[in-house]
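Novice: Sequence:
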Amino acid sequence: MSKWMYCITLLFLVFYVNCKKSTEPQPDVPGKYLIYVKNYSDKMWIGMNREDDFQSLKKDYQTGSKLWIGGAVVKKPELKYGFYFDPETITWGEITVEGMQTTIQQIKSNVDYYVNNGFPNQYAEHAWYIACEILKYQD
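One gets our numbering by counting positions in the sequence shown from 1 and adding 721 to each.
It is worth saying that the hints were derived from the structure and are not from the lab. All clues given are correct.
Derived DEER-like restraints, expressed as beta-carbon distance ranges:
#, residue 1, residue 2, range
1, K829, L856, 17 to 25 angstroms
2, Q843, K753, 14 to 22 angstroms
3, E819, Q843, 15 to 23 angstroms
4, Y834, K779, 28 to 36 angstroms
5, E846, P746, 23 to 31 angstroms
6, K857, N770, 13 to 21 angstroms
7, S762, P798, 16 to 24 angstroms
8, E819, Y844, 17 to 25 angstroms
9, N831, Q776, 28 to 36 angstroms
10, N837, S786, 27 to 35 angstroms
11, G820, D860, 29 to 37 angstroms
12, N838, K801, 18 to 26 angstroms
13, T784, N831, 24 to 32 angstroms
14, G785, Y834, 29 to 37 angstroms
Taking lysine to aspartate or glutamate and the EDC-like style, the derived pairs with C-alpha atoms no more than 20 angstroms apart in a straight line are:
#, residue 1, residue 2
15, K779, D860
16, K764, D860
17, K779, E809
18, K780, D860
19, K829, E819
20, K857, E745
21, K753, E809
22, K787, D763
23, K796, E809
24, K796, E846
25, K829, E799
26, K759, D749
27, K787, D774
28, K787, E815
29, K801, E745
30, K764, D749
31, K857, D763
32, K829, E854
33, K779, E815
34, K779, E854
35, K796, D763
36, K759, E854
37, K780, E815
38, K797, D763
39, K857, D773
40, K759, D781
Note that beta-carbon positions come from the ideal geometry of N, C-alpha and C, so glycine has one too.
With the hints as constraints, model all of the structure from the sequences given.
Specialist: What follows is the structure in structure tokens.
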């Protein structure tokens, strides 16, 4: 095999292996327990701190399940979407009040509004919920 063919083959293998690597981002939000979710075309990590709630969520909603999940919005400009949900305020359900429903893109477009407005849940004064599909759990 010529040196050129060897180099081309090696470059192809390196490219192929790198393309096969997961493009899933590493968790960048606070929380002892993590959920990776998809809201339309957007994906994000959501952290939770209460083990009993996390185990209940895992038990009731397998990977691939669709539900509403959310809590208080916390502004953090250095994150991809500029915010995360406070892990102390996370709740979920199959239905929510329509006025509490939003999307990642809507929050991203006006984070300050979502931080300072919203509806109370059992853990927070202001809470918002996104419709999502659970992609992965990480404890």
